[in-house]
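Enquirer: All chains, full assembly: derive it from the sequences and hints.
These protein sequences, in sequence, are chains A and B. Heads up: the first sequence runs through residues 942 to 1337, numbered per our numbering. Heads up: the second sequence runs through residues 942 to 1337, numbered per our numbering.
Source of the hints: derived by calculation from the structure; they are not laboratory data. No false leads were slipped in.
Taking lysine to aspartate or glutamate pairs in the EDC-like style, the calculated list, with each CA pair at most 20 angstroms apart, reads:
(1) K1221/A with D1265/A
(2) K945/A with E1111/A
(3) K1151/A with D1200/A
(4) K1221/A with D1310/A
(5) K1184/A with E1111/A
(6) K957/B with E1057/B
(7) K1285/B with D989/A
(8) K957/B with D1082/B
(9) K1285/A with D989/B
(10) K1285/A with E1019/B
(11) K1203/B with E1304/B
(12) K1285/B with E1019/A
Note that the coordinates shown come from a computational prediction; the quantities given were computed from them, not determined experimentally.
2 protein chains.
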Amino acid sequence: MIPKGFQFSGVRCGLKNRKNDIGIIVCDEIYPAAGVFTTNQFRASCVDYSRQSLSLGTLKSVLVNSGNANCATGSQGERNTVRMAELAAEAFSIEGPIAVASTGIIGQQLDMTKVEKGIHMATKHLSLDPKPFMEAILTTDLVEKWSAVSNINPTSVTNPKNPNGFTAGEASVYGVCKGSGMIAPNMATMLGFIVTDLDLSHLDTDSLLKSCCDQSFNSLTVDGDTSTNDMVILIASGKSGVKPDLSLAATMIQAVCVDLAKQVARDGEGATKLIEVRVKHATDSKKIARTIADSPLVKTAMFGCDPNWGRIIAAAGRSGVPFDVNCVRLELEMNGDTYLLFEKGQPASFDPSRVSAALKADEIIIHLDCGGASESTIYTCDFGYGYVRINAEYHT
Amino acid sequence: MIPKGFQFSGVRCGLKNRKNDIGIIVCDEIYPAAGVFTTNQFRASCVDYSRQSLSLGTLKSVLVNSGNANCATGSQGERNTVRMAELAAEAFSIEGPIAVASTGIIGQQLDMTKVEKGIHMATKHLSLDPKPFMEAILTTDLVEKWSAVSNINPTSVTNPKNPNGFTAGEASVYGVCKGSGMIAPNMATMLGFIVTDLDLSHLDTDSLLKSCCDQSFNSLTVDGDTSTNDMVILIASGKSGVKPDLSLAATMIQAVCVDLAKQVARDGEGATKLIEVRVKHATDSKKIARTIADSPLVKTAMFGCDPNWGRIIAAAGRSGVPFDVNCVRLELEMNGDTYLLFEKGQPASFDPSRVSAALKADEIIIHLDCGGASESTIYTCDFGYGYVRINAEYHT
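Expert: In structure tokens form, the structure reads like this:
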């Protein structure tokens, strides 16, 4: 189930108050790899460093620390990023490009004594088990987030959370991630690391990662804010010997990415439910879906179990995308049942108390048909007292 | 202080549970006028109707109801908007264009029997006092919102909230507005009605209203959502006989609009403080300011009195506007004191507990200098438990 060709380590060196805070993936060899990075102009030096490491389309290792984002730390911070990679190269005898990712508080220099100690400790715990690494990338996350699919037959791409449904296959994709909103200066960065033993070229990993991120992590919003340190990396060892059809590889990698993105949304700060916004439109369904998913009014209505079609339609209406309101159809789906709220420019006849009761579900799908065949999905969460509590009472 | 040439009326006909819900401004003659309207594609028929009424650049009257937005009500709703204007024309013997504005719940047909009764009642209460009209335009607003300036000497443009500072002048601008966020389906639409006895042409009113709205109501955000019924109207009677220099007229009208916009932000749903976001940038300061003002993370930090520079800088960084983070300077201003939080790519040395104490002020100015001479201001409010309470517990 864990793809062949990778070893993992995770240890605690004291950058966080508890749990592991230094993690590393060491590849058996240099493998094809790709990365996608935050578009925020205010970004940590590790983002630029890792982009540079990937310039030849390969990686030998990924080093991560949590507890300190090493962002807004000036030239000292840049030197510390380079030093982290050097320390890992020395300690693990790595000859090849190393990506570096940091997450945690910003504006403070890394304690390099702790980092160095952690990297050396990590050499003693290298294994095939990714769990200590998974723990080492978390900050404010309430739960660990991982996902895996096995077997290149797409009919057996199964939900890893259901062990009985899992079929060990010829090749696997395994991913871990962290993120539950953006808390700055303790930024809960979105980090994702996906490894596979499929045999893929660098160009394949690059195009697959971009398209899969587009449908998953880039279709995810907790509070509309993006972090300074966001990074998703895909490494393909080829050790399964399986050279897949690209659409099969995309199916597997996307299944992992979407599952991880949903886990992030569900673990959103203060979230009580996962919301999928699915919009149909001729040309710009994603922009409409994102406007709805970012609307605090929609998110508070979902928190309050309020079938408030007006907020959803009005958010779509201000998205800047043209459509004919008189052709719009809005349905909510909970536990497999759909409820029609609005069609042809007017509210449908529905029982608000019945829909409100159904909205207590922990997963809500908003279906908005604005006319058109292209459909986009955005994953988000509701917006309740918990979000305010976490974000107002967390102090610098 | 109330501009010459206008009469007002406001009565209760039962569209709302309490307070006046039908209001009218009747001009002594047909006057030059202009309007700005919501850009939301999902809009009420009164928006299109009033835009049409203003097609010759004049108005004789403005009729407003609260308690029902007459939006998402189909062709029956369109007929009811026309009928409202007809009823007002008959009852008040109005020959000339009439603007119609509605605000309140959406998706329900207006009770035209009540509206007709209200319009007839309103004929008996026409007076020079705008207060009953002001009350008739409110929905979820906690406070009435009005502002006025008098005297065309800009040095005597005074704060109307300080009666001692007010100097009756040759000409006046008087405005009322409503809005405290967008609650749909009971949408707390932004409505603004500004009257003046300055002598202005239609072209003047049009350009003045557009530029003043740009600096005030269009620089205002409570939750990023815009309503289906938003409308601001300016009418100039000319009855003062004063034909002002346009820049003086702009100063007066803008003073009223900015004061009203700040009142709306301060009365934002669940707001405990007014936040002004002032950004300097070479080309696109407004886009940066709006991204900061719409950030739930920034707004919750301000609610929590947290000098969280990371959230402000990161919001600027994701605005899509290029700037050099190493040249950015961030200060907070409370009660006339400024606190430097960030400069040259790194946090400044400041005492968090001292700044946090200062953030208890009910007015906060965020100064972000991204390099460049153009400055934009966006008005908003903080984001606390009250917002969630109002928006999650209000039910359709």
